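Respectively, the protein sequence lines represent chains V and X.
Here this note's numbering is used: the first residue of the first sequence is 1, the next is one more, and so on.
Here this note's numbering is used: the first residue of the second sequence is 476, the next is one more, and so on.
Incorrect hints may have been included.
What the hints assert, rightly or not - When the alpha-carbon atoms are kept at most 35 Å apart in a straight line, the in silico DSBU-like pairs for lysine-lysine are as follows:
no. : chain 1 : residue 1 : chain 2 : residue 2
1   : V       : Lys81     : X       : Lys526
2   : V       : Lys51     : X       : Lys789
3   : V       : Lys145    : X       : Lys851
4   : X       : Lys620    : V       : Lys376
5   : V       : Lys51     : X       : Lys795
6   : X       : Lys726    : V       : Lys121
7   : X       : Lys795    : V       : Lys34
8   : X       : Lys795    : V       : Lys313
9   : V       : Lys6      : X       : Lys726
10  : X       : Lys526    : V       : Lys313
11  : V       : Lys34     : X       : Lys481
12  : X       : Lys509    : V       : Lys81
13  : X       : Lys789    : V       : Lys34
14  : X       : Lys487    : V       : Lys121
15  : V       : Lys34     : X       : Lys679
16  : X       : Lys596    : V       : Lys6
17  : X       : Lys509    : V       : Lys314
18  : X       : Lys509    : V       : Lys320
19  : V       : Lys314    : X       : Lys789
20  : V       : Lys313    : X       : Lys481
21  : X       : Lys526    : V       : Lys314
22  : V       : Lys121    : X       : Lys526
23  : V       : Lys277    : X       : Lys789
24  : V       : Lys376    : X       : Lys788
25  : X       : Lys481    : V       : Lys251
26  : V       : Lys303    : X       : Lys509
27  : V       : Lys376    : V       : Lys411
28  : X       : Lys487    : V       : Lys320
29  : X       : Lys679    : V       : Lys121
30  : V       : Lys313    : X       : Lys556
31  : V       : Lys51     : X       : Lys556
32  : X       : Lys726    : V       : Lys51
33  : X       : Lys726    : V       : Lys34
34  : V       : Lys376    : X       : Lys795
35  : X       : Lys556    : V       : Lys12
36  : V       : Lys251    : V       : Lys277
Bear in mind the hints are in silico, worked out from the structure with no lab data behind them.
Since we're looking at a predicted model, the values are computed, not measured.
Here's the letter readout for the chains.
There are 2 protein chains.
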Amino acid sequence: MAKFNKLPSLSKSPTSWYQEVVVRAQLAEHAPVKGCMVMLPYGNAIWENIKSSLNALIEEHGAENVCFPLLIPYSYLSREKEHVEGFSPEIAVVTHAGGEELSEPLVVRPTSETIIHESMKRWITSYRDLPLRINQWANVMRWEKHPRLFLRTSEFFWQEGHTAHATEEEALAEVSEMTNIYHDYCENYLAVPTLMGRKSEKEKFAGAVESYSIEGLMPDGRALQMGTIHYLGTNFSEMADVCFVNENNEKCYTQMTSWGVSTRLIGAIIMVHGDDKGLKIPPRIAPVQLQFIAVNQDEAVIKCCEQLAADMKKSGLRAKADLRDVRLGVKYNDSELRGIPMCIAIGSKEIESDSVELKLRDGIVRSCKLSELTDKVVYTELNAYHNRLLESANAQLTRMVRKVETADELKQAILDGEMAEMAWCNETDCELQIKEATGASSRNMPLDEIILGDKCTCAWCGKKARKYAFFARAY
Amino acid sequence: MAKFNKLPSLSKSPTSWYQEVVVRAQLAEHAPVKGCMVMLPYGNAIWENIKSSLNALIEEHGAENVCFPLLIPYSYLSREKEHVEGFSPEIAVVTHAGGEELSEPLVVRPTSETIIHESMKRWITSYRDLPLRINQWANVMRWEKHPRLFLRTSEFFWQEGHTAHATEEEALAEVSEMTNIYHDYCENYLAVPTLMGRKSEKEKFAGAVESYSIEGLMPDGRALQMGTIHYLGTNFSEMADVCFVNENNEKCYTQMTSWGVSTRLIGAIIMVHGDDKGLKIPPRIAPVQLQFIAVNQDEAVIKCCEQLAADMKKSGLRAKADLRDVRLGVKYNDSELRGIPMCIAIGSKEIESDSVELKLRDGIVRSCKLSELTDKVVYTELNAYHNRLLESANAQLTRMVRKVETADELKQAILDGEMAEMAWCNETDCELQIKEATGASSRNMPLDEIILGDKCTCAWCGKKARKYAFFARAY
Chain V
1 MAKFNKLPSL SKSPTSWYQE VVVRAQLAEH APVKGCMVML PYGNAIWENI
51 KSSLNALIEE HGAENVCFPL LIPYSYLSRE KEHVEGFSPE IAVVTHAGGE
101 ELSEPLVVRP TSETIIHESM KRWITSYRDL PLRINQWANV MRWEKHPRLF
151 LRTSEFFWQE GHTAHATEEE ALAEVSEMTN IYHDYCENYL AVPTLMGRKS
201 EKEKFAGAVE SYSIEGLMPD GRALQMGTIH YLGTNFSEMA DVCFVNENNE
251 KCYTQMTSWG VSTRLIGAII MVHGDDKGLK IPPRIAPVQL QFIAVNQDEA
301 VIKCCEQLAA DMKKSGLRAK ADLRDVRLGV KYNDSELRGI PMCIAIGSKE
351 IESDSVELKL RDGIVRSCKL SELTDKVVYT ELNAYHNRLL ESANAQLTRM
401 VRKVETADEL KQAILDGEMA EMAWCNETDC ELQIKEATGA SSRNMPLDEI
451 ILGDKCTCAW CGKKARKYAF FARAY
Chain X
476 MAKFNKLPSL SKSPTSWYQE VVVRAQLAEH APVKGCMVML PYGNAIWENI
526 KSSLNALIEE HGAENVCFPL LIPYSYLSRE KEHVEGFSPE IAVVTHAGGE
576 ELSEPLVVRP TSETIIHESM KRWITSYRDL PLRINQWANV MRWEKHPRLF
626 LRTSEFFWQE GHTAHATEEE ALAEVSEMTN IYHDYCENYL AVPTLMGRKS
676 EKEKFAGAVE SYSIEGLMPD GRALQMGTIH YLGTNFSEMA DVCFVNENNE
726 KCYTQMTSWG VSTRLIGAII MVHGDDKGLK IPPRIAPVQL QFIAVNQDEA
776 VIKCCEQLAA DMKKSGLRAK ADLRDVRLGV KYNDSELRGI PMCIAIGSKE
826 IESDSVELKL RDGIVRSCKL SELTDKVVYT ELNAYHNRLL ESANAQLTRM
876 VRKVETADEL KQAILDGEMA EMAWCNETDC ELQIKEATGA SSRNMPLDEI
926 ILGDKCTCAW CGKKARKYAF FARAY
């Protein structure tokens, strides 16, 4: 399993640390096709847990799951001008199938708006059919020249929600709800705080009227876009002719939204919580929440570990027992590397004295009578651990966002590996200049309507400020 | 929802019945890309239920889930000569990506042996690494000229298991176990009996040493291959160099297997259980197991339906309430069309008299006090219903398999829309002749080693018989 040499230092060489920890903890590996990844059992199990927990919230929100096809006619993509321009450089194209050259090339979906709207056109006739909310868990393809496992891969896995509404107000309410659902999900399940806000013109989704995002901040000061929510207005419905008859018997175009999160979330978990010993997988989505470690190979010890793991499993906990005949240190190292939230070592001493130690991955240790070790005790400690992870991630985020008022302060903040929060003119020219000078892009603009004084000016260009915005280098 | 005109008759025009019921019950629809399908919420929910119930058995069997990439280098596919020849006519090829022509074309996976073995080569070094069992739930693409929803689509959804073993015996045991797991799964969850057996040379998987299958028999007399299990021997491991060092420190090639079932299973459910009123979804995988039907719009009736559905849901049952303000007949028709296992109508009369009727989709009706309606009562009836579905499907299968001893009898059986069971020479020439003359292919050869007498001859060609075999036209 794990190798014995130490991981690279997270603070000194975050990039090598990341690459090493993903491989050593057996989350994923690079596939032979450039830019694609193989999700290994442990990484895949994290994704499965994210899927099932987030899916419950999406269903509760009123979206039904569907499966749309992988391939989209190129002509669909090109209906919306910005959409096709935005995605063209990234698409993979099927030109031959069934032994013949196709009369029209097919695109491996980079996202499914166009093909889903084609169906919605047939499904929607009246205002009574609205709102319509569907969602799919799927693989998508966006050709990637500089791949990084989970963060940027040519093929990635995601969910994409697509909704149609009668009015702009309803569509905007949908966007706001989903932004909040994603934000809360990341806090409640991944222990990762995010910044909610609107994207700039330059950074918005190709074809959207407005895009919103939740942005995480990684320990190296780079932002990670962890989820996006797009208000499409009637841009797509006009092109695909998705309309409905309203209560006054008038034909109207539907108002549309789309929203998604991807396997990138796993990248966020790795970076936000990890340390020099390895991963810290948040307990609510951890494939193994609790590991019993057999201190030796005594029959009573092995039996006790097996029994405890079986009992905990029955209570719904994801528990395992490490019964291998290897040094105790190796077992602890493996458990730390893989970021298992809680470890309980069981030896003859523990059995005789009826006393065990619950070791949480962040170093906290609780004592408990072996005979009083119940799932409830474990859940309580796992919940407390989740809260500590979130608290520490929150503190990190707060520490790393710096308010800046001048161009020099912005430059310095980015140089120092931090995120800048500033009054901004919200103009693309200004954003391009900032990118050129600092490498930072606008991440998003907070949702709270902060009233900017008349004299408030853009920290970079000095023009009238329109919005507060977060700037950072980004993954 | 449902239209009012009747479905075509299942016995008189099974093809139109099938097409109509899939669309009207909103299981799936044809996608704009030829041969591909859109799985609608109801059809997708059936597939989700199949996935989760079968996945538990696959995990119990010892396989871990992974995700391999969608695209496979063409050169991998061509390593195994039979494999590439078998799949070439069906593959979809990506020739351009990221705005450039690729130096090597990539194939949208028709199956993943070659790319998975490439990883296994790195994962396996010693006999201690064996057996290795992995599984993935994925979309695959096999270009289809004559698509039928669920039965034959260019893109379909499946699970594919891939295993590596030290010895032939272990690999053959794996094949036998998985064949049994699939067979039992179909009986226990889908209420569909299948015939287990070995495929002929002509019908085996491209590149396998031996293939096995479970075959269902549809009411029109055509067989449906519902799952396949392949013994690959060292055919693939020699080409991909997947080897291990055995206990005597000798280098050996791994023995491999692969196995899969797909969204075709939904096609089997539709055909095996359906009737002129619509679907009969087996209760263990039904998206809605129990529908409460509000007989009128009285507040007490609506409240009672909502409360009952909520209570049943809490007990883990998939229950819903149909509260629409439409005629009662419409609600019953919809429920029958969609094949909901159990319906309970609630009106003022039922509430006052404390008495309800549990209507099962096969026409059986049970009475029960409303105050005594618990999840246990429902589960008992649903289990009994499952058993009746299976019994009836078993009777149909038995009725439609005809033992034949001569070529004329074989021809007649196929003409009569039945499946023939016969002593067979097991030679490809003979199989080709039978196909030419009757349209039937060999489905499989039963696993039980039946000793064929020396004088036993092939029902078709008169040569010495080697095996019993099932012949039928097939989907």
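For each hint, the structure was consulted:
Using a Cα cut-off of 35 Å, the hinted pair Lys81 (chain V) and Lys526 (chain X) is violated, with the two alpha carbons roughly 39 Å apart. The straight-line distance between the Cα atoms of Lys51 (chain V) and Lys789 (chain X) is roughly 22 Å, inside the 35 Å bound, and the hint therefore holds. Straight-line distance between C-alpha atoms of Lys145 (chain V) and Lys851 (chain X) comes to about 57 Å, which puts the hinted pair past the 35 Å bound. Distance check on the hinted pair: Lys620 (chain X) and Lys376 (chain V) sit about 57 Å apart at the alpha-carbon level, beyond 35 Å; violated.
For the given pair, Lys51 (chain V) sits about 24 Å from Lys795 (chain X) by alpha-carbon distance, which is consistent with the 35 Å threshold. A threshold of 35 Å between alpha carbons decides the hint, and for Lys726 (chain X) with Lys121 (chain V) the separation of about 60 Å lies outside it, so the pair is violated. With a C-alpha separation of about 47 Å, the suggested pairing of Lys795 (chain X) with Lys34 (chain V) is violated against the 35 Å cut-off. A threshold of 35 Å between alpha carbons decides the hint, and for Lys795 (chain X) with Lys313 (chain V) the separation of about 30 Å falls inside it, so the pair holds.
At most 35 Å may separate the alpha-carbon atoms for a hinted pair to count; Lys6 (chain V) and Lys726 (chain X) meet this at roughly 32 Å. Our distance criterion of 35 Å between C-alpha atoms is met by Lys526 (chain X) and Lys313 (chain V), whose separation comes to about 21 Å. Under the criterion of a C-alpha separation no larger than 35 Å, the hint pairing Lys34 (chain V) with Lys481 (chain X) is inconsistent with the structure, at around 53 Å. Between Lys509 (chain X) and Lys81 (chain V) the alpha-carbon distance is near 25 Å, which keeps this suggested pair within the 35 Å criterion.
Between Lys789 (chain X) and Lys34 (chain V) the CA atoms are separated by roughly 47 Å; this puts the pair beyond 35 Å, and the hint is violated. Distance restraint check for Lys487 (chain X) and Lys121 (chain V): the Cα-Cα separation of roughly 34 Å lies within the 35 Å cut-off, and the hinted pair is therefore satisfied. Taking the CA atoms of Lys34 (chain V) and Lys679 (chain X), the gap is near 33 Å; set against the 35 Å cutoff, the hint holds. Between Lys596 (chain X) and Lys6 (chain V) the alpha-carbon distance is near 26 Å, which keeps this suggested pair within the 35 Å criterion.
In summary, the hint linking Lys509 (chain X) to Lys314 (chain V) is not supported, as the alpha carbons are separated by about 47 Å, beyond the 35 Å threshold. A C-alpha spacing of about 47 Å is found between Lys509 (chain X) and Lys320 (chain V), which places the hinted pair above 35 Å, so the restraint is violated. This hinted pair checks out: Lys314 (chain V) and Lys789 (chain X) have alpha carbons roughly 19 Å apart, not beyond 35 Å. Taking the CA atoms of Lys313 (chain V) and Lys481 (chain X), the gap is near 50 Å; set against the 35 Å cutoff, the hint is violated.
About 22 Å separates the Cα atoms of Lys526 (chain X) and Lys314 (chain V), which keeps this hinted pair within 35 Å; it holds. The suggested pairing of Lys121 (chain V) with Lys526 (chain X) holds, with an alpha-carbon distance near 30 Å, which does not exceed 35 Å. Restraint check: the Cα-Cα separation between Lys277 (chain V) and Lys789 (chain X) comes to about 42 Å, which exceeds 35 Å; the hinted pair is violated. For the suggested pair Lys376 (chain V) and Lys788 (chain X), the alpha carbons sit about 25 Å apart, so the restraint of at most 35 Å is met.
This hinted pair checks out: Lys481 (chain X) and Lys251 (chain V) have alpha carbons roughly 32 Å apart, not beyond 35 Å. For the suggested pair Lys303 (chain V) and Lys509 (chain X), the alpha carbons sit about 57 Å apart, so the restraint of at most 35 Å is broken. This hinted pair does not check out: Lys376 (chain V) and Lys411 (chain V) have alpha carbons roughly 50 Å apart, beyond 35 Å. With a CA separation close to 56 Å, the supplied pair Lys487 (chain X) and Lys320 (chain V) exceeds the 35 Å bound.
A threshold of 35 Å between alpha carbons decides the hint, and for Lys679 (chain X) with Lys121 (chain V) the separation of about 43 Å lies outside it, so the pair is violated. This hinted pair does not check out: Lys313 (chain V) and Lys556 (chain X) have alpha carbons roughly 46 Å apart, beyond 35 Å. Annotation: proposed proximity of Lys51 (chain V) to Lys556 (chain X) is violated, straight-line Cα distance about 39 Å (limit 35 Å). At roughly 41 Å between alpha-carbon atoms, Lys726 (chain X) and Lys51 (chain V) are farther apart than 35 Å, so this suggested pair is violated.
For the suggested pair Lys726 (chain X) and Lys34 (chain V), the alpha carbons sit about 31 Å apart, so the restraint of at most 35 Å is met. With a CA separation close to 32 Å, the supplied pair Lys376 (chain V) and Lys795 (chain X) stays within the 35 Å bound. For the hint linking Lys556 (chain X) to Lys12 (chain V), the alpha-carbon distance of about 50 Å lies beyond 35 Å, and the restraint is violated. Between Lys251 (chain V) and Lys277 (chain V) the CA atoms are separated by roughly 61 Å; this puts the pair beyond 35 Å, and the hint is violated.
Of the numbered hints stated above, those contradicted by the structure are hints 1, 3, 4, 6, 7, 11, 13, 17, 18, 20, 23, 26, 27, 28, 29, 30, 31, 32, 35, 36, listed in ascending order.
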